[in-house]
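All chains, full assembly: derive it from the sequences and hints.
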Amino acid sequence: MNVKWSALGEVAVVAFAVGVAIVVIFAVGVLAWSVRPAADTGRDRDGTLATVAAGLCFLACALIVCYGIYLVVPQFH
Amino acid sequence: MGDWSFLVVAVVITALAFDFTNGFHDTANAMATSIATGALPPRIAVLISGALNLVGAFLSTEVAKTISGGIVDDSLVTPAMIFAGLVGAIVWNLVTWVFGLPSSSSHALFGGLIGAVWVGAGVKGVHFSVVTEKILIPALASPLIAGVVAVTSTYLAYVITRRGRRDEVGRGFRAGQIASASLVSLAHGTNDAQKTMGVITLTLISAGVLSHGSGPPWWVVTMAGLAIALGTYIGGWRIIRTMGKGLADIESPQGFAAETSATTVILASSHLGFALSTTQVCSGAILGAGIGRRLAEVRWSVAGRMVLAWVFTLPAAAAVGGLAAAVAEQGTAGIVVVLVAAIAIATGIYAVSRRDPVHAANVNDQPTAAVMSQATTAA
Chain A
0 MNVKWSALGE VAVVAFAVGV AIVVIFAVGV LAWSVRPAAD TGRDRDGTLA
50 TVAAGLCFLA CALIVCYGIY LVVPQFH
Chain B
0 MGDWSFLVVA VVITALAFDF TNGFHDTANA MATSIATGAL PPRIAVLISG
50 ALNLVGAFLS TEVAKTISGG IVDDSLVTPA MIFAGLVGAI VWNLVTWVFG
100 LPSSSSHALF GGLIGAVWVG AGVKGVHFSV VTEKILIPAL ASPLIAGVVA
150 VTSTYLAYVI TRRGRRDEVG RGFRAGQIAS ASLVSLAHGT NDAQKTMGVI
200 TLTLISAGVL SHGSGPPWWV VTMAGLAIAL GTYIGGWRII RTMGKGLADI
250 ESPQGFAAET SATTVILASS HLGFALSTTQ VCSGAILGAG IGRRLAEVRW
300 SVAGRMVLAW VFTLPAAAAV GGLAAAVAEQ GTAGIVVVLV AAIAIATGIY
350 AVSRRDPVHA ANVNDQPTAA VMSQATTAA
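Just so you know, the protein sequences line up as chains A and B, in that order.
Per numbering that gives the first Met the number 0, the first sequence runs over residues 0 to 76.
Per numbering that gives the first Met the number 0, the second sequence runs over residues 0 to 378.
Take the hints with a grain of salt, since some may be wrong.
[Claimed, not checked] Quick list of simulated restraints, FRET-style, between CB atoms:
id : chain 1 : residue 1 : chain 2 : residue 2 : range
1  : B       : V336      : A       : V12       : 47 to 53 Å
2  : B       : A359      : A       : A16       : 36 to 42 Å
3  : A       : L55       : B       : V310      : 23 to 29 Å
4  : A       : V12       : B       : G207      : 46 to 52 Å
5  : A       : A59       : B       : P356      : 40 to 46 Å
6  : A       : W4        : B       : A325      : 37 to 43 Å
7  : B       : H211      : A       : A59       : 46 to 52 Å
[Said to hold, decoys possible] Chain B stretches covered by chain A per the calculated footprint, using a threshold of three residues with CB under 8 Å from any CB of chain A:
id : region
8  : 136–148
9  : 158–166
10 : 183–195
These are computed hints drawn from the structure, not numbers from a lab.
All C-beta atoms in this analysis are idealised placements derived from N, C-alpha and C, irrespective of residue type, glycine included.
Next up, the structure:
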């Protein structure tokens, strides 16, 4: 029997780190996006800041998704 | 050069039929939580998933080089055994479908082959150490890993967005779900369609239709891709209902966390060379997402039935595969008998499913206890 325990451990660690990171970044982006209407109450600069923060978070997630597609498609390797 | 015997045609047809059941069994993996949270309308969800499965089938060039990945001794495998193994896998996939239980299609295929080879070539043809390594350990590990990732990320998603406006937060996560679900579908197409292509190609090689070492002809790639895409599009609504509504109450942050966890586990495992079952990864992630939200209801009775199906998948498919092999080894008449029996069983299961049809319109209804017991007595 030749169970690849190290590979299994690696899968667990990598998946945990990347999975949790994406959800956290995306959640921060969603939070920033949802407080954006604060701009209506006259706090304009806060609104801009929130929108930019949300944009950066979603961009980071999009980049990670692109890397995921790169991994899935063998022609890219 | 060999020729297109009746047996070869039978193997190709059953392999495509298995691919079809593989598709509709696994639509739920990618799309169940997106459908449950309303991120995607049911019809659109299965259309996207089907299309991406088709794309995935054409993208992947790494076709399985052995039928079983070393679980059985490939030098002892005859086309009749492959045929019997496929029948075992199809029958078990249909049985679990009618009960709405998400079970691994790969385990069903391996189980069917193990049973067929055991009966056809003796117990020496089955490599039990490889069974432990490639099936048992991953089956225990995959739901655990995906579950832990999903519990953590769900918990954090709720903590982080606690102060956000609820409607905006829900909309944001639903948008995210569309991307994560699509990635699961694409990954599925690149993996599962290849198994069928491998089975058909190796059968054609053993029959002498193709020369040794040749890759799958274009028509094999096309037909396998179309079979899995069509199966995905038809949609195993029963299983979608179980995974989306049955296992746990899923809100969009949980759906996003579950799908993202499942995607990262699937991609990490296929990239780092450890084979995990997609179905078990996705189910584990959904359970984890259920636990991660405080006070969310996780229906452990449904989860228990699902785990029971996982345990029985391999032996049950092996039993059917073994029985089919014993008959199919008798020659053309035997193959016809198995083929007719398989069609009869499939028709019977379909008839049972019509008593309580699940489709795009009612997929988000809560599965009721009465329906489950009715299905039990009907079968």
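Worksheet entry | Hint check against the structure, violated hint numbers in rising order | Violated hint: only 3; rest satisfied.
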